[in-house]
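J.: Protein chains in written order, with numbering that gives the first Met the number 0: chain Z, 0 to 591; chain G, 0 to 297.
It is worth saying that the hints were derived from the structure and are not from the lab.
Computed from a predicted structure; not experimentally measured.
A virtual CB, placed ideally from N, CA and C, is assigned to each residue, including glycine.
One or more hints might be untrue.
One-sided excerpt, in silico: chain G residues whose CB lies under 7 Å from chain Z [unchecked claim]:
(1) Val19
(2) Tyr69
(3) Leu74
(4) Arg77
(5) Pro80
(6) Gly108
(7) Asn109
(8) Trp237
(9) Met297
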Amino acid sequence: MSPTFSIGIGGAAGQGVATPGDIFAKIFSRRGLHLNAYNAYQSIIRGGHTFLIIRTGPEPVTNMGDTLELLIPLNQDTMDRHLSLLGAGGACIYNADSIKPGEHGDGVQLCGLPVSTLADITKNKVAQNTLAIGAALSMMGVGFQSLEEVIREQFGKKAASVADENIAVARAGYDYATQNFRPFASALPMTDNKYAVLSGNTALAMGGAAAGVKFYCAYPMSPSTGVLHWFAANGRKAGIMVRQVEDEIGVVNMAIGAAQAGVRAMCATSGGGFALMSEALGLSAMAEIPVVVIDCQRAGPSTGVPTKTEQGDLWQMLGAAFGDYPRVIAAPLDIGDCFTLMAEIWNIVDKFQVPGLVLCDLLLSEGRLSVDPKILDFAPHVDRGEMITAPNGHSEGGYKRYLITESGVSPRAIPGVPGYTHVVASDEHDEDGVLISDMYTNHAKRRAMMEKRMRKEQGIAAAVPPPVLQGPKDADVTLIGWGSTQGVIEEARAQLAEQGITANQLQIRWLVPLHGDAILDQLRNAKRTIIVENNFSGQFARYLRSETSFVADGHIRKYDGEPFMPHHIVEAVRAQLAGDTTLSVPAHEIMV
Amino acid sequence: MATIVESPKPLTQADFKGRVDPDWCPGCGDFGVLAAVQKALVELQIPNHMICTISGIGCSSNFPGFIETYGMHTLHGRALPVATGVKMANPDLTVLVTGGDGDGLGIGGNHLTHTIRRNVDLTYIIMDNQIYGLTTGQTSPTSRLGMKTKSTPFGSIEGPLYPITMALAAGATFVARGFSGDQKHLTDLIRQAIQHKGFSFLDVFSPCVTYNKDNTFQWFRPRVKKLEDDAAYDSTDWLAAMEKSTIWGEEIPIGKFFERTDLPSLDQAEPVTQGRTMLSYPIHIDAAVAKGFIDELM
């Protein structure tokens, strides 16, 4: 495993935890380093406890990791909560005027900054933050120049004197650390690579824009709101209409309306909003109007824990809306995949005229990741399926919107095209859109229409690849995960390998269609299977069992609102291999 | 985008006749509304394919099936957000929204307030029969106090809301009330509503001959009084409209209560639809703009 370096910055909401995080992220990515950032926070604008972990290294950093090398507590509470996380060689940079360190591990360097003598704290309210950034970079062996550049960008819109003043403060911290503190054992490396740093929400929005979404609407709901913010800020430049709607019922119906007018229309929400959207997904399927809905999962049920992560909405997705209908459900594997998945799912959704559901979660939505900018392809392959946007010789009245075909897909004419007027209907209807639900119901026609729609599932299955086992074929243990746990399971496998336990991984990206037979094939020779997921009841384990009758040997579950750390999985696998248990629920050691 | 093909001969009411006959009860008020809409479209000569008629669920919401335009039969109460999506994605379309009082004022009430507030360029016709008909006769948001229905067998203890007052208060830029029993007047109101650039709210008394024995054609006929017959009435005066809107009893005003033309409709205010549809944008966004998005992340 490649060495990584993690910084934890904590304080009360409103103390400015985000800015140092952004500054470190910029400096790391410009040094050609990868990074992953996870912010543990609460639903409060001022107060509480916010703790940002930013982890960097020369190789891809897929998760928050297990260790902390540097702690920057902005208040006493953060010091008290997290100082014990530091191990030998770690350091804590803090304001010595107002914060007192407590019990700490051996070999931890306590770096108290005399803030009031280094900066004029009456003038600069965030002086302690800026001093700490300067000190930290000095100890990491990073030249001051890169910090100066970033600060100048941060204050770019303000007077030059404001930037100058902050640079002077940062310089004071930098110099003080150079003279008084021990640098870290090895300096932060540097590569020639250049990375883009983005959140999952930004990736979902940009991925949608790249896929040709022309209509985005939403109701604000954590943790999905970042998608709305990106579209709101950039829609006009990109030729995308963005609407904030009165509720999520209105949101999804408005998207369906725009989609009927011929454009790719998308919306995002979290579990509660998705619950409100449920009925309209049936409309999308019945009227055969393609739409994409993103659910950025948070800890439920009900309002739940709005700022915490969970993979608890799978069954809500599987059961959304009543009746049987074809749907597509995909869970992005990491923040980069939040971008690339959008073009893929849109092509399927458009081609088969069905609702597409993206099952993201807070961990990805609000996390930050460095990605190779090459994966941010704004001209991906686009397949809009069989659409009629101009007259092509059909005689007036001859067009059947729901023509029964072998694929189940009927060519879709959009309003405005002469010669193709028809009604798209929520009630069951005949091939021409005329209702067969009210005056004279017709069981034969109803059956034919059900079968037509459901036939699409075969085409969809063929369009989606089955999952592939990662790692050695004859491993001691097979870890099965879905969506956002890809990276942390991968790192856990690497740690297990160092401990002499080989592990492979089956990570599910397409939940519907599932490709149950292919999954069974891959698991047939598995020595021991363990399903890892961020929920209480093993939603994926239950789904896999219902679809394939496959029962895993063990389970690792976490439902405390915080994501898995690699060692959680490693320790649970060891315990299960030792026969201690078949259900592990790791405890989260970081008190956030 | 589709080009408008000029019809060789003027459109007639027959051109707007749907593929199936209405399944409404004989004598239903909705027949009159359908005919008036068709006549107004004939007067305006809007090509069938440039019209989208959108409804929710209920007796009156079967309307799109009975008129020859593009149609959408959506979910109960959700016609307005769907219609907003259609209109905003393609402002070239004339979008008509039809439905009942339960659909629009009950289950869809929240959408109504906000669609009005946004001044989306739609014509919204509520076929108001003061009852839930398709579910065989329960009280509705416009049922009068004391009305006996299957869900209020001892008489409703809840008062009705006043759709016209509500629409005015929410900021509707065109507010009118019609009566299915007065074709000529109703046709004229619908024509004006379609011509109005902005949200047009049209509450139409459309009696349910099966389940509402209180508010029948016979009950309305002597009571309805046209605002147009009052030379002193000024339909640009919002306060006067508010005052008229709550009058209910021996005399019930119908006609155009209010219109203002000084506010932009949502598609006029929206920068990305200035003279174009959303489908007219290339599927891939401009490469330089895309590069800018990536550069911001570096």
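J.: Which of the stated hints cannot be reconciled with the structure, identified by number in ascending sequence?
T.: Checked against the structure, the hints that fail are numbers 6, 8, while the rest are satisfied.
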